[in-house]
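**Student:** On the provided structure of chain A, position chain B as indicated by the hints.
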Amino acid sequence: MTKTLSRRDFLKLGGLAAGATAIGNFLPPLVAKAAREAGLLDPNGDGYIPTICEMCVWRCGVLAKVKGGRVVKLEGNPDHPHSNGKLCARGQSGLMNTYDPDRVLHPLIRVGQRGEGKFRMASWGEALDLVTSNMKKIKDQYGPEAMLFSSTHNLSQPAFENILYAFGSPNYGTQRSLCFNAMIVANLMTYGMQEPDRDYAHIKYLILTGRNLTEAISTSETSALMDIIAQGAKVVYADPRFTKTASKASVWLPIKPGTDSAFHLALINVIIGERLFDQSFVTAYTSGFEQLSAAVTTCTPAWAESITGIPADTIRRIAREFGAAAPYALAHNGWRTSNFVNSFQTQRAITILNAITGNWGHALHPVGGEGAGGLGSVPQPPYPRISAARLDGVPWKYPFVPLNIGIFQEMRDGALKGDPYQPHGWLISRQNPVLDLPDRQKTLELFGKLDFIATIDIIMNDTAWFSDVILPEASYLERYDPLNVVGDKAFLRQPVIDAQGEAKSALWIFKEIGTRLGLQDYFQYQDEQDYINQQLKPLGTTVGQISMHGFAALRGGRPNEMTWNTPSGKIEVYSTILEKGGFDPIPKWVDPPQPKDDQFYLLTGKVGQHTQFGTQNNKLLHKYEDTPRVWIHPDAAAKRGIKDWDVVQLASDAGQINAAVWVTSAIRPDCVYMTPGYGHLSKGLRTGYGVGASSSVLHLTYTDPISGSQALSQTYVTVKKA
Amino acid sequence: MPSDTIKRHGFVIDISRCIDCRACMVACSVENTVPYDHTRIWVHDQGVQGEWPTLQRTFVPYNRMHCDKPPCTEVCVSGATFKSKDNGLVLVDQDACIGCGFCVDACPYEARYIDQERGVVDKCTGCVQRVETGQAPACVQTCLGGARLFGDLNDPTSTVSAALAKASTALRLDAKRPDGASTGPNIYYVNAPASMVSLLTTDGFGQMEKSVPDTSQFSIAEEVWKKVLIPGLGLAAVAAFGVQAIFFTKQLLEGEKENEE
Numbered sequence: 001m002t003k004t005l006s007r008r009d010f011l012k013l014g015g016l017a018a019g020a021t022a023i024g025n026f027l028p029p030l031v032a033k034a035a036r037e038a039g040l041l042d043p044n045g046d047g048y049i050p051t052i053c054e055m056c057v058w059r060c061g062v063l064a065k066v067k068g069g070r071v072v073k074l075e076g077n078p079d080h081p082h083s084n085g086k087l088c089a090r091g092q093s094g095l096m097n098t099y100d101p102d103r104v105l106h107p108l109i110r111v112g113q114r115g116e117g118k119f120r121m122a123s124w125g126e127a128l129d130l131v132t133s134n135m136k137k138i139k140d141q142y143g144p145e146a147m148l149f150s151s152t153h154n155l156s157q158p159a160f161e162n163i164l165y166a167f168g169s170p171n172y173g174t175q176r177s178l179c180f181n182a183m184i185v186a187n188l189m190t191y192g193m194q195e196p197d198r199d200y201a202h203i204k205y206l207i208l209t210g211r212n213l214t215e216a217i218s219t220s221e222t223s224a225l226m227d228i229i230a231q232g233a234k235v236v237y238a239d240p241r242f243t244k245t246a247s248k249a250s251v252w253l254p255i256k257p258g259t260d261s262a263f264h265l266a267l268i269n270v271i272i273g274e275r276l277f278d279q280s281f282v283t284a285y286t287s288g289f290e291q292l293s294a295a296v297t298t299c300t301p302a303w304a305e306s307i308t309g310i311p312a313d314t315i316r317r318i319a320r321e322f323g324a325a326a327p328y329a330l331a332h333n334g335w336r337t338s339n340f341v342n343s344f345q346t347q348r349a350i351t352i353l354n355a356i357t358g359n360w361g362h363a364l365h366p367v368g369g370e371g372a373g374g375l376g377s378v379p380q381p382p383y384p385r386i387s388a389a390r391l392d393g394v395p396w397k398y399p400f401v402p403l404n405i406g407i408f409q410e411m412r413d414g415a416l417k418g419d420p421y422q423p424h425g426w427l428i429s430r431q432n433p434v435l436d437l438p439d440r441q442k443t444l445e446l447f448g449k450l451d452f453i454a455t456i457d458i459i460m461n462d463t464a465w466f467s468d469v470i471l472p473e474a475s476y477l478e479r480y481d482p483l484n485v486v487g488d489k490a491f492l493r494q495p496v497i498d499a500q501g502e503a504k505s506a507l508w509i510f511k512e513i514g515t516r517l518g519l520q521d522y523f524q525y526q527d528e529q530d531y532i533n534q535q536l537k538p539l540g541t542t543v544g545q546i547s548m549h550g551f552a553a554l555r556g557g558r559p560n561e562m563t564w565n566t567p568s569g570k571i572e573v574y575s576t577i578l579e580k581g582g583f584d585p586i587p588k589w590v591d592p593p594q595p596k597d598d599q600f601y602l603l604t605g606k607v608g609q610h611t612q613f614g615t616q617n618n619k620l621l622h623k624y625e626d627t628p629r630v631w632i633h634p635d636a637a638a639k640r641g642i643k644d645w646d647v648v649q650l651a652s653d654a655g656q657i658n659a660a661v662w663v664t665s666a667i668r669p670d671c672v673y674m675t676p677g678y679g680h681l682s683k684g685l686r687t688g689y690g691v692g693a694s695s696s697v698l699h700l701t702y703t704d705p706i707s708g709s710q711a712l713s714q715t716y717v718t719v720k721k722a
Numbered sequence: 723m724p725s726d727t728i729k730r731h732g733f734v735i736d737i738s739r740c741i742d743c744r745a746c747m748v749a750c751s752v753e754n755t756v757p758y759d760h761t762r763i764w765v766h767d768q769g770v771q772g773e774w775p776t777l778q779r780t781f782v783p784y785n786r787m788h789c790d791k792p793p794c795t796e797v798c799v800s801g802a803t804f805k806s807k808d809n810g811l812v813l814v815d816q817d818a819c820i821g822c823g824f825c826v827d828a829c830p831y832e833a834r835y836i837d838q839e840r841g842v843v844d845k846c847t848g849c850v851q852r853v854e855t856g857q858a859p860a861c862v863q864t865c866l867g868g869a870r871l872f873g874d875l876n877d878p879t880s881t882v883s884a885a886l887a888k889a890s891t892a893l894r895l896d897a898k899r900p901d902g903a904s905t906g907p908n909i910y911y912v913n914a915p916a917s918m919v920s921l922l923t924t925d926g927f928g929q930m931e932k933s934v935p936d937t938s939q940f941s942i943a944e945e946v947w948k949k950v951l952i953p954g955l956g957l958a959a960v961a962a963f964g965v966q967a968i969f970f971t972k973q974l975l976e977g978e979k980e981n982e983e
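So the protein sequences, as listed, match chains A and B.
The first sequence begins at 1 in the numbering used here and counts up by one.
The second sequence begins at 723 in the numbering used here and counts up by one.
None of these hints come from the bench; they were simulated from the model.
Glycine residues also receive a C-beta, built at the ideal position from the N, C-alpha and C atoms.
Do not take every clue at face value.
[Stated by the list, open to error] Some residues of chain B that are not near chain A, with every Cβ distance over 10 angstroms (derived):
1. C743
2. M747
3. G823
4. V826
5. D837
6. G841
7. A889
8. K898
9. D901
[Unchecked claim] With a straight-line cut-off of 25 angstroms between C-alpha atoms, the simulated SDA-like cross-links for lysine to any residue are:
10. A:K136 with A:G418
11. A:K234 with B:A885
12. A:K721 with B:W774
13. A:K139 with A:E445
14. A:K234 with A:I109
15. A:K33 with A:G69
16. A:K204 with B:P757
17. A:K234 with B:D767
18. A:K643 with B:V919
19. A:K606 with B:A885
20. A:K619 with B:T776
21. A:K204 with A:E274
22. A:K73 with A:I109
23. A:K204 with B:K888
24. A:K136 with A:I109
25. A:K234 with B:V770
26. A:K234 with B:S917
27. A:K73 with B:E854
28. A:K639 with B:T776
29. A:K204 with B:S890
30. A:K204 with A:A230
31. A:K73 with B:G772
32. A:K234 with B:W774
33. A:K397 with A:K588
34. A:K67 with B:Q816
35. A:K537 with A:G376
36. A:K137 with A:H153
37. A:K721 with A:D644
38. A:K234 with B:K888
39. A:K683 with B:V770
40. A:K619 with B:K888
Next up, chain A with everything else stripped away, as it sits in the complex (with noise of 0.2 angstroms):
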């Protein structure tokens, strides 16, 4: 009763028809004119284009294929070191981003109340006129400093920014300070860069804090971790939650929350002990040894088994052979341990303990770092000088925070105190700050008291919710961006369809919006290609020469591996930037606030198929998350006679919320756990809305006084039956 298949049955199934009906089949296909242009499709619109991903900010290399002018699938590209030829479920899932049913296609202009989603369709024309004239309106009232600015981590930022600067405001909010400012600090301050890159390639000992890489992917860095462990490494991973990292781990930690200083203060402790630290790289390559020395004899095992949880002889062990194995060791600083106000410690404590150990040159390079190897750029006139402070204290309450990466949370605080003046208007672009900021409540609060509020984004989060205008932008698959440079490659992002409705991309947007300002000058391009074009230029090439393999060769090879952008030029241990601003130049342990007798510590985290709060909407990853659920030890519940599955409302002093409950032993019976970016606001997105509930209902805002990084797990919680 077999058959084998025939060929019609064959191509039926696709992947083998181009080709075969191309002829007389001349329709004009609807597909990006760009891509058929380069040959990258056939007369049909069949074929595979490279770009880049944007489900998350480690921005994969991808090759989309297109069939009849629609993506069908997206593959990792082999050729892109962050990809690899793989792709995580959120960059299987993008083309569902692009095809959203949701997306927002047309300029929409609020009609109702602001929250209740009532819109109307308008001109490109009408909606840029309303947000130029309103922002014009507020500059010419209150002064520029009165707009508000604010944008994630995205390829198109350089062309936000000159809206802003050349604006003249000085407030400009981006992801980071919720993210991972006390890393960049710390690596700052210590190596002179925002971060190294990490090498997997020999690692024989790693230790993650908090570093949950297989639930907060990085595709090609998760792969790395698989396969070191396959390959016999060893890997500590410490966190109050056992995830699914922990289960791949060789030992699981489970490490009370808010003192991971204290144990990377005790392993400095044992290595500099015992003489396990690399005597001749100390010597040739960092400062301050001798301070440190001196400073860590107090932090001895016994003393981090007291605040850490974790047993003297295990901490003494983790230091012998993570120093047995360095070089080859490498302590994984990580995006953000469980964050507290004392998390800059503990970043500055990991960048040490790697230097120490010699692991420089082995496990961490130098990296280049975006607009490096010999990219052309945009000529552009200086910013005007802008006399006024910013909302969110950087530089005159934190010195040590970068400008370009700012303090959101404290930029939102100042705007609502009005301290030290009140904004009247809020430009937002891919950033969603009423879902990730802390305090949600607050944020809405500000939203009120603003005159004018404007977003750029593909769909209607809930920030476009609340919004007067929105601006639809094109998908990361519908557009071009700047280049990307990874490596001794600059990546090009272009798009793969042509964009839906009226979307536009975001150069486009910025552009359109600067010249209505009058700041043409700042906004010398013609079009997307004219834009990167003119970044090629020094190398002799043009967006349709590289579009066939989506990247252009860059000249000249790493940075030098020895040298570092600090005051002595050596790895700082002793940190004379610190010492000058008044701050512990040495890492020093520093008592986190603790939860009350019937208060658990709220954690948050990351899960394998959702990013922050952009993807709840993505019909591919909805159909693949877990119900959100609260987690919380078995003990814990039968105390509050809380049973698998029941609703439970949990309070902070900021919020509540209710959501349904995990009863698991994978977390400390102190501590509950919530995965953020569910709890949408938004009707307007009908996949997302009415799914679990926002932990930034619960958050608490409070801000490391160094790097400004929100110390998201220093919220407390009472948890009881709903």
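**Tutor:** Just chain B now, with coordinates in the frame of chain A:
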């Protein structure tokens, strides 16, 4: 095991490498336009095992079995379900399928579903459309942990054969056919960690706690599978729908390969 097909395409799944990221499932859904209320493949989460803080958790990726002796082909009244002589994959000719669902009931692995919209039976095809053009199945290509491997089990130089030869343990989910013979599934699970309690799961969505709490799928064979994982125990019968597991020692595997060559 003797093979009736020219190629014997199958999966080797390294359980120690699965991180339950679900890239495979999304890739499969997109590649094969799987309806939103169905999934062709899934990852079985064995749950958090042990006492705090000594915990384990194991994830078992699932594909369709592409059996050597598939029961589904024999109950197919239209002749739509067949095992390819060329590549060894069990496929459905959906032009011929009348959607009667007999094969859905006959499959001991619950590997098939009826696509209500199209009125036909659907299942994992091993991404035959990709395989025939030299690509790996979508789930295998994108597997972040490197847990999913695919290839010709008849070819001793294939990646799957090499992975089987190197494996510390190998497991297969054999089901008993009505005639008493084994279905001869072509998925091998290798390098199972000690914490693994069960291979058996049939409900891809129930697994993921999509709706109501449901733990029943864990109870079917848990005890039996624990025993199966003890080396040297050999065969063990499982009640339910007559699924058996065979624990292959290194020697057994090598014997099998000799047979094939």
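**Student:** Could you run down the list of hints and mark each one as holding or not?
**Tutor:** Do the hints match the structure? See the list:
Annotated as non-interface, C743 of chain B brings its C-beta within 10 angstroms of a C-beta of chain A; the closest such distance is 4 angstroms. Against chain A, the non-interface label of M747 of chain B is violated: not every CB pair exceeds 10 angstroms, the least being about 5 angstroms. With 10 angstroms as the threshold on Cβ separation, the claim that G823 of chain B sits away from chain A holds: the shortest Cβ distance comes to roughly 17 angstroms. For V826 of chain B, the non-interface assignment is confirmed: its Cβ lies about 17 angstroms from the closest Cβ of chain A, beyond the 10 angstroms cut-off.
For D837 of chain B, the condition that its CB be more than 10 angstroms from all CB atoms of chain A holds, with the nearest at approximately 15 angstroms. The Cβ of G841 of chain B lies farther than 10 angstroms from every Cβ of chain A, with a closest approach of about 17 angstroms, so its non-interface assignment holds. Every Cβ of chain A is farther than 10 angstroms from the Cβ of A889 of chain B; the closest lies at roughly 12 angstroms, confirming the non-interface assignment. Look at K898 of chain B: its CB is around 20 angstroms from the nearest CB on chain A, clear of 10 angstroms, so calling it non-interface holds up.
With a cut of 10 angstroms on Cβ distances, D901 of chain B stays outside the contact zone with chain A, its closest approach being about 15 angstroms. For the hint linking K136 of chain A to G418 of chain A, the alpha-carbon distance of about 20 angstroms falls within 25 angstroms, and the restraint holds. Of the supplied pair hints, the one linking K234 of chain A and A885 of chain B holds, its CA atoms being roughly 22 angstroms apart against a limit of 25 angstroms. Using a Cα cut-off of 25 angstroms, the hinted pair K721 of chain A and W774 of chain B holds, with the two alpha carbons roughly 24 angstroms apart.
The hinted pair formed by K139 of chain A and E445 of chain A meets the criterion: a straight-line CA distance of about 22 angstroms does not exceed 25 angstroms. Pair hint K234 of chain A plus I109 of chain A does not hold up; C-alpha atoms about 56 angstroms apart against a cutoff of 25 angstroms. Distance check on the hinted pair: K33 of chain A and G69 of chain A sit about 10 angstroms apart at the alpha-carbon level, within 25 angstroms; holds. As the CA atoms of K204 of chain A and P757 of chain B are separated by approximately 44 angstroms, the hinted pair breaks the 25 angstroms bound.
In summary, the hint linking K234 of chain A to D767 of chain B is supported, as the alpha carbons are separated by about 24 angstroms, within the 25 angstroms threshold. For a cut-off of 25 angstroms, the pair hint linking K643 of chain A to V919 of chain B stands: about 24 angstroms separates their Cα positions. Only pairs whose Cα atoms come within 25 angstroms are accepted, and K606 of chain A paired with A885 of chain B is rejected, the gap being roughly 32 angstroms. Taken as a hint, the K619 of chain A and T776 of chain B pair is broken in the structure, with Cα atoms around 36 angstroms apart against an allowance of 25 angstroms.
Among the hinted pairs, K204 of chain A with E274 of chain A is consistent with the structure: their alpha-carbon atoms are about 20 angstroms apart, no more than 25 angstroms. Between K73 of chain A and I109 of chain A the alpha-carbon distance is near 34 angstroms, which puts this suggested pair outside the 25 angstroms criterion. With a C-alpha separation of about 22 angstroms, the suggested pairing of K204 of chain A with K888 of chain B holds against the 25 angstroms cut-off. Annotation: proposed proximity of K136 of chain A to I109 of chain A holds, straight-line Cα distance about 18 angstroms (limit 25 angstroms).
A C-alpha spacing of about 22 angstroms is found between K234 of chain A and V770 of chain B, which places the hinted pair at or below 25 angstroms, so the restraint holds. At most 25 angstroms may separate the alpha-carbon atoms for a hinted pair to count; K234 of chain A and S917 of chain B meet this at roughly 18 angstroms. With a CA separation close to 17 angstroms, the supplied pair K73 of chain A and E854 of chain B stays within the 25 angstroms bound. The suggested pairing of K639 of chain A with T776 of chain B holds, with an alpha-carbon distance near 22 angstroms, which does not exceed 25 angstroms.
A C-alpha spacing of about 21 angstroms is found between K204 of chain A and S890 of chain B, which places the hinted pair at or below 25 angstroms, so the restraint holds. Proximity of K204 of chain A to A230 of chain A is assessed by CA-CA distance (about 11 angstroms); at most 25 angstroms being required, the pair is judged to hold. In summary, the hint linking K73 of chain A to G772 of chain B is not supported, as the alpha carbons are separated by about 40 angstroms, beyond the 25 angstroms threshold. As the CA atoms of K234 of chain A and W774 of chain B are separated by approximately 21 angstroms, the hinted pair is consistent with the 25 angstroms bound.
The suggested pairing of K397 of chain A with K588 of chain A holds, with an alpha-carbon distance near 21 angstroms, which does not exceed 25 angstroms. The straight-line distance between the Cα atoms of K67 of chain A and Q816 of chain B is roughly 22 angstroms, inside the 25 angstroms bound, and the hint therefore holds. A hinted pair counts as satisfied when its Cα atoms are at most 25 angstroms apart, and K537 of chain A with G376 of chain A qualifies at roughly 6 angstroms. Between K137 of chain A and H153 of chain A the CA atoms are separated by roughly 28 angstroms; this puts the pair beyond 25 angstroms, and the hint is violated.
Proximity of K721 of chain A to D644 of chain A is assessed by CA-CA distance (about 11 angstroms); at most 25 angstroms being required, the pair is judged to hold. Simply put, K234 of chain A and K888 of chain B have alpha-carbon atoms about 21 angstroms apart, close enough for the 25 angstroms limit, and the pair holds. Taken as a hint, the K683 of chain A and V770 of chain B pair is broken in the structure, with Cα atoms around 36 angstroms apart against an allowance of 25 angstroms. Under the criterion of a C-alpha separation no larger than 25 angstroms, the hint pairing K619 of chain A with K888 of chain B is inconsistent with the structure, at around 39 angstroms.
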